[in-house]
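Chemist: Can you make the complete structure from the sequences, with help from the hints?
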Amino acid sequence: MRHLLALLLLACSQAPAQIDLSGEWGSRYTWDYLERLPGPELGDYLGLPINNAARLKANSWEASTQTIPERQCIPHGADYLFSRAGFPMRIWTEEDPVTEKVTAIRIRSYAWGVERTIWMDGRAHPSKYARHTWQGFSTGQWNGNVLTVTTTHLKWNYIRRNGVPRSDEATVTEHFARHSDYLTLLTYIDDPVYLTEPLMRTSGYVLDPQQQLEPFPCEPVEEVVRPEGVVPHHLPGTNKDIQEFPAKYGLPAATALGGAETMYPAYTIPSGPKPVGSPRETASGLEILPVQKNIYMLAGDGGNITLQIGKDGVLVVDTGLASMSDQAIAAIRKFTDKPIHYILNTQVDADHTGGNEAFGKAGNTITGGDVADDIGGLDKGAAIIAHQRVLDRMSSSAPFGALPTDVYGGKQKDLYFNDEPVVMLHQPAAHSDGDSLVFFRGSDVISTGDIFVTTSYPVIDLDRGGSIQGTIDSLNRIIELTVPAALQEGGTLVIPGHGRICDEADVVEYRDMVTIIRDRIADMLKRGMSLDQVKAARPTEDYDPRYGSNAAFIEAVYRSLGRGK
Amino acid sequence: MLFATLLAASCLCAQEEESGAPVAKPVAQKTAREEAPIDLTGYWTAIVTQDWRWRMVTPKRGDFPGIPLNPEGRKLANAWDPAKDEASGEQCKAYGAPGLMRMPTRLHITWQEDNTLRIDADAGTQTRLFHFHSSKKETGDPQWQGTSAAQWEFVRTKIPPHVPGPIRGGSLKVVTTHLRPGYLRKNGVPYSGDAVLTEYFDVTTEPNGWQSILLTTILEDPQYLTQSVLLNTNFRKLPDGAGWNPTPCSAR
Chain F
1 MRHLLALLLL
11 ACSQAPAQID
21 LSGEWGSRYT
31 WDYLERLPGP
41 ELGDYLGLPI
51 NNAARLKANS
61 WEASTQTIPE
71 RQCIPHGADY
81 LFSRAGFPMR
91 IWTEEDPVTE
101 KVTAIRIRSY
111 AWGVERTIWM
121 DGRAHPSKYA
131 RHTWQGFSTG
141 QWNGNVLTVT
151 TTHLKWNYIR
161 RNGVPRSDEA
171 TVTEHFARHS
181 DYLTLLTYID
191 DPVYLTEPLM
201 RTSGYVLDPQ
211 QQLEPFPCEP
221 VEEVVRPEGV
231 VPHHLPGTNK
241 DIQEFPAKYG
251 LPAATALGGA
261 ETMYPAYTIP
271 SGPKPVGSPR
281 ETASGLEILP
291 VQKNIYMLAG
301 DGGNITLQIG
311 KDGVLVVDTG
321 LASMSDQAIA
331 AIRKFTDKPI
341 HYILNTQVDA
351 DHTGGNEAFG
361 KAGNTITGGD
371 VADDIGGLDK
381 GAAIIAHQRV
391 LDRMSSSAPF
401 GALPTDVYGG
411 KQKDLYFNDE
421 PVVMLHQPAA
431 HSDGDSLVFF
441 RGSDVISTGD
451 IFVTTSYPVI
461 DLDRGGSIQG
471 TIDSLNRIIE
481 LTVPAALQEG
491 GTLVIPGHGR
501 ICDEADVVEY
511 RDMVTIIRDR
521 IADMLKRGMS
531 LDQVKAARPT
541 EDYDPRYGSN
551 AAFIEAVYRS
561 LGRGK
Chain P
1 MLFATLLAAS
11 CLCAQEEESG
21 APVAKPVAQK
31 TAREEAPIDL
41 TGYWTAIVTQ
51 DWRWRMVTPK
61 RGDFPGIPLN
71 PEGRKLANAW
81 DPAKDEASGE
91 QCKAYGAPGL
101 MRMPTRLHIT
111 WQEDNTLRID
121 ADAGTQTRLF
131 HFHSSKKETG
141 DPQWQGTSAA
151 QWEFVRTKIP
161 PHVPGPIRGG
171 SLKVVTTHLR
181 PGYLRKNGVP
191 YSGDAVLTEY
201 FDVTTEPNGW
211 QSILLTTILE
221 DPQYLTQSVL
231 LNTNFRKLPD
241 GAGWNPTPCS
251 AR
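Sequences listed follow chains F and P, in order. Numbering of the first sequence is given in the working numbering, commencing with residue 1 and proceeding in unit increments. Numbering of the second sequence is given in the working numbering, commencing with residue 1 and proceeding in unit increments.
These aren't lab readings, by the way, just hints derived from the structure by calculation. From the three backbone atoms N, C-alpha and C, an ideal C-beta is built for every residue, glycine too. Be careful, since some hints might not be right.
Unchecked claim - To be clear about the criterion: a stretch of chain P counts as covered by chain F if any three or more of its residues have a C-beta under 8 Å from a C-beta of chain F, and this derived list gives those stretches: (1) 199–211; (2) 234–245.
Said to hold, decoys possible - For lysine-lysine, the following DSBU-like pairs were computed, each having C-alpha atoms within a straight-line distance of at most 30 Å: (3) Lys380/F - Lys334/F; (4) Lys240/F - Lys60/P; (5) Lys248/F - Lys75/P; (6) Lys526/F - Lys240/F; (7) Lys60/P - Lys248/F; (8) Lys84/P - Lys248/F.
Modeler: See below:
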């Protein structure tokens, strides 16, 4: 008997809290009706702890950017959808069929039919190289009666629907508290790129058992006919719309621009801006992440290495740094015992071709019977394929074993390997004049080399034939090739030269950034500004906290435009 | 035998749940301070990251979109005259309990005595008293802060199937009535003396160590509202009283 009671008490102390959030939850718009339904007014940044970079990005925002087909079906991010938009939603739980323990809490919003999963089974968050999504990756735990949810891996979104940005480096913490028929949500957003202090805000829902969530289909259409490559935005200092808000409500213009001090009573708590962030990529640790179907990404070796693995063997796109070759090959060998038959180089740089020699030696070339018999040694080493320009550049400096063994000089090079077409598409003037996109048509994955990266501004090598217009053209080419799945997410996946796995929306965000900065510098050039004056005008200020050092990029854009390309 | 044991345990816990103390071994009722599942004491500051234009400054007359006022309430709000309030000594109308917690204010929360939690607000220099275990009748003239009955809402671990276990946390529920008619929003959005204010206080801890009060507010007023108003507000804990700045009520 005593033992039984002890067991019962033990069970008491170990069981989770039993708060049930399940049900149909309706929105209540009272004080914040205007911001949540019609939307906030342009230039209203009141109470937001944002930095100058966020302000410039918001001031540059042009509402018609939402009409770009690639942006029309983008849903609100998890932090905005549930804490600000506050559409009706349904919550339910999923249990382990054996233990009956809750493994996940699911939320479906009326808006776009978005579904979120909050994992309750103690799993870890994914690798930093894993793909980001609109709803991110969420884990939850109960603290008393409050469910606390941590979300990472979010795509770029906004914290106010008038262009105030939230970056893809943000971590969001949410607290859900239920009282009777009321559900309250406190959201805490920590964004080292655009916030000087965490942003906290609240939202409320009312239980509504009669509620039914209607479908919310979205199909992009051509809303505005505009020339190819145009990204709507305001050049710095030209957005007159944002001046209307403070004037309309009799507020000082500086107050409307927000800042941490504006969110406290009487602005009495001083606050200094946080140090500007910088890219956080480190070279430590190699990871192999599945992308989709035949494709994997080996990250952590300077440039990303794309792996295509199938019954025919292994094809790699780029080979990383020479200093990391042994570790990278060992990592692949742990993953598969298939031979490396092909190496495809997207460009000439050492962080993408440095491992050519070692990777080549680790593999072999597929040769026909007579050839292999008659000419000994031809099958030794994997075939290395690149554009002619890559061979031209490498010939004078790279060891013989690192040189491409098979080059192409036209627009594209086709292979068929592991049951899918693999197409190398020459990009004549992007990062350099020898860049290739590698499109795995069966797996629906594009490996971009340094034409697209998530860790820095584009590196444009003018001396090797790169240009700003060619970079933008190539980014647009990637967007042409990609087809997103529902809600502008997933579908064709993109492996950048550096950084995490992406999809079309990530490339669109990056393309817009590059185009906007190009337009700003072009405008400055038109006004006769020198390079030093352009740099002093800080045309990249709104993106510097995210992408770090800007000097080389500004100079490359300036000089490229000066050459008329 | 097993069934009887479970039943006995079930009864014991069930009685504890209802009364706050085990019936099998009577003990003196704990004070609200002793049984508090969360600590609300200390200095706190409002964080106004939303609804700024209606909270940090006084909006213009008629600026009340989204508030479910009935025609009578709308008529009163549109007739708002701060000069008239000042002349009649009613400049604290926006600082009553329903409006006070939406003000850009700091709070100082203390135990006035073991069963009375006290909230001082520096905005308008107001004081709210939350009475636990109180069966006092509402007497006297209605006040800006009304009469507040408080109770802890405990969260207990459950032993399947229906046996409540130890307390794992909780929140504070406060129901305020007997309010002197005032303003929900500073620009004259009215609530009546019949209004009932229900509030839930939760405490959360953020990744950077900040502690927050998450306040859920439901205002029901059959006289001026067509449906209840749901508001959510958050406060951040301050290390001390530095910055505490009591100010008088202002009608403007």
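Chemist: For every hint, state whether the structure bears it out.
Modeler: Verification of the hints:
1. Check result for the region 199–211 of chain P against chain F: holds, 8 residues qualifying (beta carbon to beta carbon below 8 Å, three or more required).
2. Coverage of the region 234–245 of chain P by chain F holds. Counting CB-CB distances below 8 Å, 4 residues qualify, and the rule asks for three or more.
3. Taking the CA atoms of Lys380/F and Lys334/F, the gap is about 22 Å. The hint holds against a cut of 30 Å.
4. For the hint pairing Lys240/F with Lys60/P, the CA-to-CA distance comes to about 24 Å; that is within 30 Å, so the pair holds.
5. This hinted pair checks out: Lys248/F and Lys75/P have alpha carbons roughly 24 Å apart, not beyond 30 Å.
6. Note on Lys526/F and Lys240/F: the hinted pairing holds, with a Cα-Cα distance of about 21 Å set against a maximum of 30 Å.
7. In summary, the hint linking Lys60/P to Lys248/F is supported, as the alpha carbons are separated by about 11 Å, within the 30 Å threshold.
8. For the suggested pair Lys84/P and Lys248/F, the alpha carbons sit about 26 Å apart, so the restraint of at most 30 Å is met.
Checked against the numbered hints given earlier, the structure satisfies every one of them.
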